[in-house]
Structure formats: C-alpha cells, structure tokens
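Numbering-wise, the sequence shown is residues 1 to 639 according to UniProt numbering.
In short, the hints are calculated from the structure, not lab data.
For each residue, glycine too, the CB sits at the ideal point set by N, CA and C.
Hints should not be assumed to be uniformly reliable.
Distance windows between CB atoms, simulated [unchecked claim]:
1. S371 / K221: 50 to 60 Å
2. P301 / R274: 45 to 55 Å
3. A99 / T397: 19 to 29 Å
4. C504 / R403: 34 to 44 Å
5. E238 / A99: 43 to 53 Å
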Amino acid sequence: MSQFTRFQTGHAPSLLDLSVFSADADIYNNISLEISHDTYDSDHCPILISLQNFGVRTTRTRQYINWNCFSKKINDNLGNSDQNLSIEMLSIQFQSNAAASSSSYTISAQNHSPWWDTRCSFLKALKRKVLRKAKSYPSIANWSHYKKIAARLRKYIKHCTRSYWERTCAEVAKSHQAFRIIKAMLNKDVSPCQSHLILSSGMVLSSSTAQANAIATNLIKHAPTERIPLDFSENYPESPAVQRLNQPFSMKEFNDALSKTSNRSPGPDKITKRMITSLSDANLYKVLGLLNDLWYSSSVPVDWRLAKIIPILKPAGFLPYKGCDSLSSVLLNKILTARARRNLVYGISFDIQAAYDNVWHDGLLFKLLQSGIRGRIALWFYHFLRDRKAFVSWRGTSSAFFRHDRGVPQGSVLFPIMSSVFMHDILEVIPDGVQCFIYADDIFILVEAPTVPTVKNKIEASVSKLETWCKEWHLNIAPLKCKVINFSTRIYPVNFPVCFSGECIPWSNNVRFLGIIFSSNLSFRMHIDQLVIKTSKKLNAIKVLASPRWGTKAVHLLRICNACIIQALEFGAFAIGMNTKAGLSRLQTLQNNILRFAFGIPRWTPIPVLHKISNVTNIPLRFDNRNMSFSLNNFRPVK
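With the hints as constraints, model all of the structure from the sequences given.
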C-alpha cells in the first residue's frame with residue numbers, strides 16, 4: 001500500500017494522507033486500486049477500488065466414487081498383474097482406479113441454510129409457479145392456492161429449522177464433541193489472530209505461501225553434529241519378545257488392524273481404508289505380501305516419511321477421560337507420608353523446551369538398541385527416521401519441503417513409543433533417595449530428608465545429574481520456567497539457591513503438575529480459584545446455546561455442561577476432596593448456577609428442590625464416588 005500513501009511538506013503544516021487496509025489478504029489479491037485525479041471539491045484524492053468477478057455466480061464441483069465399480073476394477077487389475085508388484089505401483093493402481101470410478105457434477109454455489117433440503121426447494125419452486133399463474137390468471141381460487149402453498153412453505157421451513165437445531169444440539173451434547181467445541185469457543189491466553197498479516201523478520205507478509213514458508217523456516221531444527229556409531233548387526237541373542245516382533249505379519253494381524261482403523265482422510269498416497277476393504281481376499285494377501293517385503297527389507301516408502309504440519313494453537317489441559325490421576329495421587333501420597341514423618345519435603349518441576357521437537361535421532365536409535373530391540377524392527381526404525389521431510393499447510397497453501405532431521409513425528413502411532421524410549425533413562429541418573437515422576441515431558445523431583453543440609457545436597461546432586469543428562473542428549477531446560485516449592489510443615493524463612501546451567505530456579509508457593517496446582521500447604525486453594533475462573537468462562541460460552549425462543553433443550557444443555565464443566569471440576573478429585581468444606585462449597589455453588597442455567601430455574605429456588613428437579617448428584621457425593629471408583633480401578637488385583 002506504499003504507492004497510496006502521500007506525504008507533503010512545505011511552508012504549510014505537513015499533510016499525511018494514509019490509506020489503511022485491514023481486510024483479508026486474499027481480497028487484496030482480487031482488487032485493483034487507482035488514484036482518481038478528480039478531488040470532487042475535497043482536499044483528499046479519492047482511491048477507486050475495483051473488485052474482480054464481483055456479482056459473478058460461481059460454481060461448485062462435487063466428486064464421488066462408485067465403490068462397486070471401484071471394487072470390480074481394482075480387483076480385476078490386481079488379479080491380472082504380475083508378481084513383481086511394488087508398493088509404489090500399488091499406490092498408482094489405487095489412484096488410477098479411483099479416478100476411473102469417480103464422477104463429478106457441477107452445481108451453483110448458492111449457499112442455502114444447513115437445514116435446507118429438497119422438499120424446501122420443491123415447495124419454493126411450486127410457490128413461484130403458483131404465483132406466476134395467479135398473476136397471469138387473477139382469480140380468488142388461484143390467489144387462495146398461492147397463499148396455501150406459501151403457508152405450507154413457511155410452516156415446513158419453521159419445522160426444518162427447529163428439528164435441525166434439536167439434532168445439532170443432540171450431536172453437540174456428546175461429551176467429546178462438546179469438549180472440542182467449547183475449547184474452540186474459549187478465549188485462550190494468547191490473543192486471537194484478527195488478520196491474515198504475519199510479521200516475520202521485520203517484514204509484513206500477506207501472501208499465504210510466504211507465510212507458510214516463514215512458519216516452516218521457524219520449524220527447521222538441525223541435528224547435532226555429534227554422531228553415535230550404531231550397530232544393527234544380528235549377532236546378538238534375541239529375547240523371545242524381540243523374536244516375536246521380528247516375525248512377518250499375519251493375515252489375522254492385518255485384518256485386526258483394518259477393523260480398528262477409522263475411515264479418515266488419506267495421506268499423500270490418497271489411499272483410504274474404504275479402498276483397502278474393497279479388495280478381495282486374494283488381493284489382500286498380495287497387499288500383505290508387499291508389507292512383509294517392506295518389513296524384511298527394512299525399507300520405508302517416501303510417502304511414509306513425509307509429514308504435513310498444520311499450525312494450531314497449543315491445546316490446554318488434557319483430553320476428557322484421559323487424565324493422569326494415578327501419578328498425581330502417588331505424588332500426593334509421597335508428600336503426605338513425608339509430612340507425617342515430620343521430614344522436610346521439597347519439590348522441583350522442570351520444563352523441557354520443545355521436548356518432542358528436539359529428540360535426537362541417533363540418541364533415540366541408540367537407546368532402542370540398548371533396550372534390546374534389534375533385528376528388522378531396529379532397522380525399520382532407522383529407515384523410518386532417516387531422510388524425513390515435512391511441509392507446512394497454511395490457509396489452503398503449502399510451503400516448500402524441508403528436512404526434518406530432529407524430533408519425533410507427532411501424530412504418528414509410533415510417537416508414544418519413541419518418546420517413552422527416549423525419556424525412560426532419566427530415572428537411572430537420578431540419585432538414590434530422590435523420587436522422580438515423569439509423565440510425557442513433565443518432570444517432577446521430590447526430595448525428602450530430616451535436615452536442610454541433606455535436602456540441599458540431594459537437590460544439588462539431582463539437578464547436576466539432570467543437567468548432565470540434558471547436555472548428553474542435546475535437550476534444553478528453561479530454568480526460569482521451572483519452580484522449586486517447599487511442602488514441609490516446618491517453615492524456614494530463607495530458601496537456599498537452586499541453580500541449573502548457571503541460572504537460579506525461582507521459588508514458588510504453587511506449582512502445576514499434570515493439570516493440578518499443588519500449594520505449599522496442600523490447601524489447593526489456587527487450584528480451586530483457577531477452576532472457578534475457567535469454568536465461569538466456559539459457562540458464559542455455553543450461554544450462546546440457550547435462548548427462550550430457539551435455545552436447545554434442558555437435557556442437552558445439562559449434557560454439555562457435564563461434559564465441559566463438571567468433568568473439569570472432577571479432575572483431581574482425590575486431591576480436592578482433601579480440602580476444607582469452603583473449597584467444596586465454592587464448587588457446589590458453581591454447579592448450582594449450572595443447573596439453574598440449564599433448567600431455567602429462578603435463583604430463589606431452594607437447593608434441595610433444584611437437585612430434585614435436575615436429578616443431579618451434588619459435588620461432595622460426586623467426589624466420593626469418583627474417589628471410590630479411582631481406588632477400585634487402581635488397587636484391584638491384576639488378572
């Protein structure tokens with residue numbers, strides 16, 4: 001926009017005319033700007049804006065696959081193919097037969113409401129036809145017929161809107177859907193992006209391709225220059241478990257994997273589960289043979305080593321029903337046991353910077369070999385991590401490919417295994433007498449001792465060992481993001497310094513570990529305060545679904561609130577249940593507000609009547625049930 005900015009100096013005061021452009025950058029690419037020389041009796045030169053393709057009705061192309069035709073074509077082609085079929089040729093066969101079995105049709109890009117169906121279109125066309133007849137041949141009968149058709153259309157539209165809204169609310173009321181929607185509606189800690197302009201290296205980027213390349217540049221991480229000699233020879237004795245891992249795949253394993261796979265979007269090879277399940281048994285055996293050939297040769301196709309990165313906001317919290325109460329309860333039990341012994345208890349939480357993106361490939365393979373994983377599976381891991389490439393998908397465009405020489409592929413089914421293997425040996429470097437808790441990339445060290453000098457020596461030894469481990473495996477820990485906390489009942493006014501890489505770790509009275517805020521006095525008051533703030537925001541977000549005229553039903557609102565709010569309150573119930581009655585009463589007040597909101601009950605309604613109408617268990621009893629269920633699930637005998 002620099003050509004539309006004018007700055008004039010002279011004897012008169014300076015004059016600065018600015019043209020501010022804040023619309024979508026895609027709109028900017030479809031408009032033309034021109035300065036008019038006619039001022040129209042004004043002291044400003046107007047700018048003429050011309051929109052391309054304005055008023056032109058666009059079309060939309062729909063494509064679908066005839067699966068019966070696809071199944072016949074792919075089975076005939078694979079049945080007539082020779083035995084030298086490769087995985088690349090198989091991908092081409094799938095793609096070509098899918099294209100040959102596909103049909104497409106073009107429709108007008110008129111955007112109807114989501115509840116609009118074919119009957120609405122029929123009644124609308126019939127109304128238009130009857131109106132033309134009434135205008136051409138005016139009579140009482142024709143105009144009465146037109147009014148009846150118009151009334152039928154209005155009545156059916158009203159029915160469609162209401163039924164569609166009820167179906168939508170019923171679908172949204174499912175726990176996982178509600179969790180995702182409310183998380184998207186909430187305002188995160190970072191401010192949302194209000195424009196499509198990105199500032200990179202002092203330059204404003206408006207093109208989506210330039211933005212994607214800028215994001216990809218920031219994601220490039222070079223591997224350390226240090227190399228580890230890796231021995232993949234098969235001269236080592238294999239355990240029975242490793243021997244089973246190195247066996248070829250059976251048809252039963254193949255069918256089990258297919259049955260557990262959902263029909264999601266395909267990868268770069270454009271092969272979906274529906275395509276594979278369309279194969280006959282004989283062709284399935286051919287595909288299984290190709291997979292076993294890849295397994296025996298320990299080779300990985302290029303498409304399997306290509307990653308598509310979609311930038312999204314970092315999700316906060318944990319998935320519903322996927323909590324980590326077991327490890328948190330063990331940590332709490334250790335703290336309470338040490339406090340009961342009248343010992344000093346100190347804890348340190350460590351934050352590894354981009355732990356998964358900085359995993360050293362040579363170090364990961366070395367740890368795999370050291371853990372006894374050898375043979376074909378070790379070689380397959382080596383080729384899976386070698387020569388990986390990635391690209392960034394941003395606003396409908398893709399960046400240039402770049403090498404992915406560091407980090408584990410997040411989103412892959414092998415990601416949890418590889419990250420666990422890389423992090424498991426931290427427990428071996430921690431000194432005896434110091435307890436270490438690891439969950440994914442969250443590390444918490446708990447030190448217990450009767451005297452301050454003993455505690456200080458244990459903490460210094462643990463921090464030194466962890467610092468050495470991070471340097472050895474090329475990981476970084478941000479000391480300013482770490483915290484030291486004193487859980488002891490004996491309070492010491494002076495806290496000794498705890499340093500990591502020459503920087504002091506700050507002391508704090510509250511520390512977050514696995515979604516629970518532990519206070520130094522174990523009151524969990526800060527945790528409850530944060531719960532009240534977050535759940536209040538969620539409740540305000542859910543209120544957009546409620547209206548006396550078009551709002552959803554009470555049962556659906558209650559399901560949404562239970563999935564998004566009550567489940568969040570119950571997270572860490574084993575710890576919050578230890579709190580005083582004041583903390584539980586605050587949560588109970590929040591639940592009462594939710595029930596009044598869902599059922600539209602006045603505020604002056606007595607609490608017992610409110611719970612009777614809603615048929616909902618109160619917070620203390622829910623916490624007791626949750627604690628009992630947690631105890632039965634974690635302490636029952638192993639089968």
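Each hint, compared with the structure:
1. S371 / K221: 50 to 60 Å: With Cβ atoms ~25 Å apart, the hint is violated.
2. P301 / R274: 45 to 55 Å: 21 Å, violated
3. A99 / T397: 19 to 29 Å: Given about 24 Å between the Cβ atoms, the range holds.
4. C504 / R403: 34 to 44 Å: Given range 34 to 44 Å: holds, Cβ gap about 37 Å.
5. E238 / A99: 43 to 53 Å: The hint (43 to 53 Å, Cβ to Cβ) holds, given that E238 and A99 are roughly 45 Å apart.
Checked against the numbered hints above, the structure breaks hints 1 and 2 and satisfies the rest.
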